[in-house]
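J.: Dock chain P against the given chain L, drawing on the hints supplied.
One-letter residues, chain by chain:
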Amino acid sequence: MMIEALIGVALLGALVTFLAPNRIAGKLAFAISLVPAALSLWMFTAFDGSGNALLDGELAFESQMEWIQLADYSISWFVGLDGISLPLVVLTTVLTSLAIMSSWTPIDERESQFYGLVLFIEANLIGVFTALDFFVWFIFWEAVLIPMYLLIGIWGGPRRKYAAIKFFVYTNVASLVMFGAFIALVFGLDVSSFALPEITDAMLNGGPDAFLGVGGTTLASVVFVAMFLGFAVKVPIVPFHTWLPDAHVEAPTPASVLLAGVLLKMGTYALLRFNFTMFPTEIIEPFVIPIAAIAVISVIYGAMLALAQTDLKRIVAYSSVSSMGYVILGLIAFTQFGVGGATFQMVSHGLISGLMFMAVGVIYNATHTRMVTDMSGMADRMPVAVGILIAGAFGYMGLPLMSGFAAEYFIFFGAFGSDLLAYAPIFTALAMFGIVIVAGYLLFALQRAVFGPYHLETDYEVSRAPLHDVAPMFVLLGLIIALGVAPDLIFEMITDAVNPLLESANGGEL
Amino acid sequence: MAVLDLPAWAGLAPALILAGTAILLFLLDSISSRSMNRAVLAGTATAGAIASLGVAVWFTVAGVGAPGMENGHGVITLFDGGEAFVGDGLFVVDQLALFFMIIVAVVTALVAVASYDYMDGHAHQAEYYSLLVLAATGMSLMAAANSLVTIFIALELASLPSYALVSILKDNRGSVEGGLKYFLIGAVSSAIFLYGISLVYGATGVMQLDLIADELASGEVDPYGGLLGLGILMLIGGFAFKTASVPFHFWAPEAYEGAPAPISAFLSSASKAAGFVIAFRVFTTAFPVDVTGSVIGVDWTLAFIVLAIVTMTVGNFAAATQSNVKRMLAYSSIGHAGYALIGLAGLTADGGELVMGAAMMHLLVYGFMNTGAFLFVALAEYWGVGRTFEDYNGLARQAPIACVALAVFMFSLAGIPPFGGFWSKYFLFTGALEAGLLVVAAALVVNSALSLYYYSRLVKAVWIEDPVVDRDALGQPTGLYAAIVFAAVMTVLLLPGFGPVVDVAIDAAAAII
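Heads up: the sequence lines are chains L and P, in that order.
Residues in the first sequence are numbered consecutively from 378, following my numbering.
Residues in the second sequence are numbered consecutively from 3, following my numbering.
Read the hints as simulated data drawn from the structure, not as lab findings.
Beta carbons are placed, not taken as given, at the ideal position from N, Cα and C, and that holds for glycine.
There's no promise every hint is true.
[Stated by the list, open to error] Covered stretches of chain L (in silico footprint by chain P; criterion: 3 or more residues with CB under 8 Å from a CB of chain P, positions within the stretch not fixed):
id, segment
1, 527-537
2, 558-572
[What the hints assert, rightly or not] Just some of the chain P residues that point at chain L, by a computed CB distance under 10 Å:
id, residue
3, 386
4, 424
5, 431
6, 436
7, 444
8, 454
9, 508
Same shape as in the complex, but just chain L:
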């Protein structure tokens, strides 16, 4: 019942916070969010699962309960953790606590509603990463949209209404496409429940029968594409990325932290779980090269777009498109280091982008501008916050001993040696070129905003950030370095869950 406790505390906390007076809402939400964070860290130490949840693995903290029986199908409350989901759950709970603390300064109206929504998102995100029944998973998946829509729409920047609607419509339509396709697939399969392990088993051993006059193999291929598109919007990868910069730039800092830190991982996590685990290699094979191409284009194009921006937040936002491209490349490589590295990158990017958004937020609070062209010499005025920004930027660039390096190294190493992906070395080399551009735009931005003489052309008095603004960033930086120095903190756990997937894809071999 541990997972239920995590979700339940967050949900109840959301309700309590919503009804609490504005004055204490921030502190209250932080205190509440420490409970799931502590619980999930305890779960991390007590984790005893092994293998992949969808491929007959041993689940940790599993619980399953009949829910609805309809005609030939049963829907059950089914949650559990394996080595892929656990790091993401910990990322969610920790990042939520930190995001709440970092919102104490910028959020100054309707606080109880704001923090209530943040806790509501947390509950649903934990649900997404733990659910093992398609319906439970989908309910959490969709339920994330509503609070995010409101967070962007109410507390966002000047173009918040446009950004909120765009976010909502884009991701919801994508979800509907994915949902319809998946239901059609299940109708064609010989299964009696929506439990993901059972569906995976049926897919890998036989696949779907014809449904509505469409042949089994064709159905599987069509569903693969539809689901890929559905998740690609969430990730997002080029050309479905246009909602992201809008949403990011308009969203309040804590929402950006959660959006980049965790929400984008929903897409890659779902790709890994559904597209790359459930479908047999024969179905995936024709799509390998196009997907790898899209991944490389995302990496390069995202980085180029970031290079062209002058708004610090926009730079970080576009860089997410680029980083998520690496994840897709790692996944499609289908090697231990590729898929494992991609999962590692999900966590690593969650920490680093969270840190970057917080740092940009702190600078914005102090200067009321995010334009690198307006800033100069911030290092003199806000040494601590800027120091952390620089450290985060180095993490992004893949400086050794930081988690970004480990993640990218794993991905490139894994992708280079891919058997499934033809011309793997060429794709990898092209993607590696992205690192150069990343270094380019980050150094360029830092050089203009941070160094040089101080001549900020606004009326605001720049003051040092208070401790509660900086503390969460230190925690994140600590985690980034910890994972960079010792990737095995989570990488072993991840590969343990990834290996069965590769064995099933390569016919029993790693």
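T.: Leaving out everything else, chain P in the frame of chain L:
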């Protein structure tokens, strides 16, 4: 259970309790019309509705109406008409009837509670409540009626008080005009319905639904196929009016807009559900698809396939263009009638009970979410904030709890998890797929996606937009708040607790198909 020892007529208890409550309200009013406390009136009406609900739930749980149970506590039939008739009787209390009695009672209770604040200061309070409960009695009887005669009488018993309720705000032009339109169109469609009944009677010589089916099966009706077909078409017209389906939907936006908002909630939820239950019963019991098809030469599900698609599309597109919140909800409720029509459109398939059960589930969930949405409009009218989307801007700053409830209703109506509307729409979707109605399933998805646009517009107005004008502090009327919050809580709780609803609905549907 003690229910087993009750006499057979007690099967109609949910409707009889409502009838008794209506009479009691009249009595209370005649004892002391001026000094009557509106708390007593609203309380009596609510207590009656809750008692009716309690009995209906109790009967369902105890297994009344479940086929195959012995000793008279299975399906209860009443007034079988002596030896001349050998059918099921003029009324049948089965699971289908009880399911819809529950919907009617729930909506009536919610509306009665909410009316306590809404009708504050209006004249004719006692009349209002007794007409409300009387209309609910008619709807409850519609759920159990098993003969074209009793159906028609129950239908009129539900309709006549409704006409009066719509125009009860005598000083309000919209209310009077809406009531008049509703009455005129209602009278015409009653005439059409009655004519349809007479044609069916002319072709078959019987009124009782199961006997009509027997006559059709015997083959003696074959020469009158055309007559029967015309009769069925006219019956469909009558249902289309009651359920506000295209092409008899024109009255709905006018009547809902003009009526007091709690009455709009009542008409669009309870009255619509009652219209559907007769449609379900008449078309499954009296006109089984295969037999009827061979007599009249056409498969009547075809008519419902067309009606379903057209109704949901017209309703949704019209709703998307409204600037008045109440009209938007009125058109969206036309759209939802289209979803529920899938229940009849998909009956031909093997999994017919799944489709019809899904439609019943949708009507139950709809009873909470749609009633709640209209009650929010009632709250806004109580506050006097105006009627357009712009007038609703920024309400969440002043009334966050009611606006959370509104967001729940809107997202649930759009069919987004984690709310009850997600399940019922999903089951309609799978039902349509199983029945092979790919076009209907696709129309459902496209319309749902479209509906999100205008539902989220209302959420955006109250939560995201800033108020256009400065408002005074808004009151917190207890009754309205209680009803709205209860409806919202139920809309949320229906998601985890949907299992029993599925079982009851599917069993009830399977029993009469």
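J.: Take the hints in turn and mark each one as holding or not.
T.: For each hint, the structure was consulted:
| no. | hint | in the structure |
| --- | --- | --- |
| 1 | 527-537 | holds (count 4) |
| 2 | 558-572 | holds (count 3) |
| 3 | 386 | 24 Å, violated |
| 4 | 424 | 7 Å, holds |
| 5 | 431 | 7 Å, holds |
| 6 | 436 | 7 Å, holds |
| 7 | 444 | 9 Å, holds |
| 8 | 454 | 6 Å, holds |
| 9 | 508 | 7 Å, holds |
Against the hints set out earlier in the document, a violation occurs for number 3 only.
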